[in-house]
Amino acid sequence: MRKTLREIAQVIEGDVKGDADVVITGISGIKEAASGDITFLANPKYSPLLATTSASAVIVSKEMEIPPAKNFIRVANPSLAFAKVISLMNPDEAGHFKGIHSSALLGKGVKLGKNAAIGAYVVIEDDAEIGDNSVIYPGCFIGRMTKIGSDTLIHPNVSIRERVAVGSRVIIHSGTVIGSDGFGFVEVDGRQHKIPQVGTVEIADDVEIGANVTIDRARFNKTIIGRGTKIDNLVQIAHNVVIGENCLIVAQVGISGSTVIGNNVILAGQAGLVGHITVGDNAIVTAQSGVSKSIPAGAMFSGYPARPFLENQKSHAYVHNLPKMFDLVKELKKRIEELETKLKSKE
Amino acid sequence: MRKTLREIAQVIEGDVKGDADVVITGISGIKEAASGDITFLANPKYSPLLATTSASAVIVSKEMEIPPAKNFIRVANPSLAFAKVISLMNPDEAGHFKGIHSSALLGKGVKLGKNAAIGAYVVIEDDAEIGDNSVIYPGCFIGRMTKIGSDTLIHPNVSIRERVAVGSRVIIHSGTVIGSDGFGFVEVDGRQHKIPQVGTVEIADDVEIGANVTIDRARFNKTIIGRGTKIDNLVQIAHNVVIGENCLIVAQVGISGSTVIGNNVILAGQAGLVGHITVGDNAIVTAQSGVSKSIPAGAMFSGYPARPFLENQKSHAYVHNLPKMFDLVKELKKRIEELETKLKSKE
Amino acid sequence: MRKTLREIAQVIEGDVKGDADVVITGISGIKEAASGDITFLANPKYSPLLATTSASAVIVSKEMEIPPAKNFIRVANPSLAFAKVISLMNPDEAGHFKGIHSSALLGKGVKLGKNAAIGAYVVIEDDAEIGDNSVIYPGCFIGRMTKIGSDTLIHPNVSIRERVAVGSRVIIHSGTVIGSDGFGFVEVDGRQHKIPQVGTVEIADDVEIGANVTIDRARFNKTIIGRGTKIDNLVQIAHNVVIGENCLIVAQVGISGSTVIGNNVILAGQAGLVGHITVGDNAIVTAQSGVSKSIPAGAMFSGYPARPFLENQKSHAYVHNLPKMFDLVKELKKRIEELETKLKSKE
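Protein chains in written order, with this note's numbering: chain A, 4 to 350; chain B, 4 to 350; chain C, 4 to 350.
In short, the hints are calculated from the structure, not lab data.
Don't take each hint at face value.
Copies of the same chain are indistinguishable here, so a pair counts whether it falls within one copy or spans any two.
Said to hold, decoys possible - Calculated pairs, SDA-like style, for lysine to any residue (alpha carbon to alpha carbon, straight line, at most 20 Å):
#, residue 1, residue 2
1, Lys150, Ile174
2, Lys225, Leu313
3, Lys87, Val19
4, Lys317, Phe329
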């Protein structure tokens, strides 16, 4: 794919500064970029890279200070503009297969929407529904009565059990399991008895779920993933968890049963949350934190057990200063002994 | 499904207090319950919810104090009784498919028990055995010579490699991998050489294994999961690990090679255990703990590196009090300086 | 399989000490070994086990002190020799299936090398290439234009997306996902927009990847796993990560986007690394560490946030001594008060 800088600027509604006729043949990060590449810079902190990049053009904000000898496109939001350019330069990427493969097995009463594409060796059980334009890649399993919306994309070897609801424009990556039984047992006479997990999972529109994620069905009622929430790889979401809208749940996070997460929450990588707590809207949990109590809206929590970020930082600083502190106490002890000796000599 | 409270009480051998003719149409948690629902309360701590729940009936223990105006069933064990009610109200849940799908591929010498059900696109390699009434969902792979007991349920897209033994009444959730090679290498001249992993995995009766779990085969001998042990999603069990009976291994726990876990052990979420240690019977490891040494029977360990729970708690409390402590030391220093000045002035 | 000790010694080029005619029928660890087994001992620390093992023979180094009444083979590298013996005693283990199963679906332009073996229900999309002698087990998905080298082994139910490059002599265990989209979003007006992930993944020769691992494709350019690197189960490798050669990445490690790992690096279990940092050659990160800054070559880092190992250890020791320290400060306070009283009385 070859485009002039002028053509790209038109698509992203930006203003060219420099040579609008330069031909762009590739896309890259600002550090790795070579001649022919277009790149972008959103964070002013990295503006020195503008002078050193080998890119043929850089997308920048309207305010960014730019060196004279390079080609730029000025836009309101460089990240978003760059995302559009990536799509523009890779028109094939959306080219999924079409049609129903002859080896796809559709149960009784399965309803397929217009242009739904079902890959090889997919099994869709009785009374399931797949919406318009949705694509289900080979090797997926869709359980009985499960409903999938329109324009949803399910990558290979995903397992979705019975009675799950998946919205529209959802993306689910390979190996992910949705609707597995929650981890619920009751101990009677020293043995664990399974509590049937008869609820389900509801995934709202515009959600994206990474690879090898596990989302358990509710014991009863629903495990819920809210609209526009994005879940990274290898995340564990236990039964009856409720996650709000537009959250970012980073890789390897674990959320225990019945915990409720608000909107716009960020849970950073490998964080763990106990069950039956709430995390307020816009809260942030930093990486590897262990959250044992509810977190108020807007707070940033950190550490184990998780505490307000600054408090946790301060605590780390105190621990860091312990060697000096121990030395000081030792010195004070000595000075006290000297004082005691002197006083005694005066008696 | 509609049942009167009287019918339910008969099944769970409980005594109705209130209106035995009330019709129950659903099940729910005590907080979410609506009219028509039955729920339960096991923990006296939450007894105030009895007065506020909208449920049409609540299953409680014989000792629980109950408000006058509601319907109850008194039983010995409310949790267990409720589990029975869930099954009673959802008779379809056990309705797995029957028969051998025409696309299931059975190798030479494969033995299938009476009523074994094998789903579409399942591959069972030579000389494997599947017991009576066991159900293997679509997309599973069962390796050569692997033996699976009776009444075992294997969900879609599970991979079980060769020569593995799985007991009876075992449940394995989707995406789980059993019998993958242990992580064993020997470094020679700066390169890692694979040590063949020629052992196997043995999973005893009544075990449940969550989704996307990995259980490696032993280097030699066996990796063992004991009877009745329950394993949550995304757990890693390395080669030659031996886990006892009735353990609860919560999501995202990792157990390193050759570690031996006793009976009735609880490993809470995201805990990690180094290799070649032992964890005694009835021990508990709290969430996210990093266990670097063996743990005696009955102990509760916590933190990183994991220590006895109370010791770890105390340590956290000391750290928490460091700011006060630092202030105190500063103050003491000042008082010592004053003493020194005074004493000097007296010389 | 039965071999005399003499036969085994010939294969591993070792010297028999004791009865060269003893018949070996099994292999085992030194503690579990029974009569008929051969075992090995590499670490002199465990040499007392030589006197107590029930093994019929032990492979030891040329320098190891050995008790008189047992059978040994002395070799230069006991671990490597033992690995060879394991293969020798298990000649069937390499016995993978042959040929292209009739249910394997090969897209247009797929190229298969000599003796490539493709299992049942494998889907290989257009223009993919599989090298000589490579084996792809049932249920795998190989995306469009993906290239797999020769002598590579892919276990059941692996998903490899489009345009990925996998080298030769690579082993990939079941359930693993390679080439899933990186976790990249840009927030505009309070909603997360997907940034297309149009890069790919490149896996060099002699890499081994465990079960249920996730390796995301790059946003652009490549996510790279270097030659000879070994990755354990349930590891997360984010977009644009670059891992060098001969690294060991232990189970449940998570590496965030664009982080660069050198050669011969060891990341122990459950460690987490933030994005955009570098880890120098030969560095070691201990289990569960949280790495938030770059690590120099050769360093060993530990804790959260990860610091040089000894510094972290010292910090733990200081925290451990806090109770004594608090007592001491309390005592000093008392002594100061006594001094103050005495001085006052003298005024």
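Consistency of the hints with the structure:
1. Lys150 x Ile174: within (14 Å within a copy, 25 Å between copies)
2. Lys225 x Leu313: neither (36 Å within a copy, 37 Å between copies)
3. Lys87 x Val19: within (16 Å within a copy, 65 Å between copies)
4. Lys317 x Phe329: Both: 18 Å inside a copy, 12 Å across copies.
Checked against the numbered hints listed earlier, the structure breaks hint 2 alone; every other hint is satisfied.
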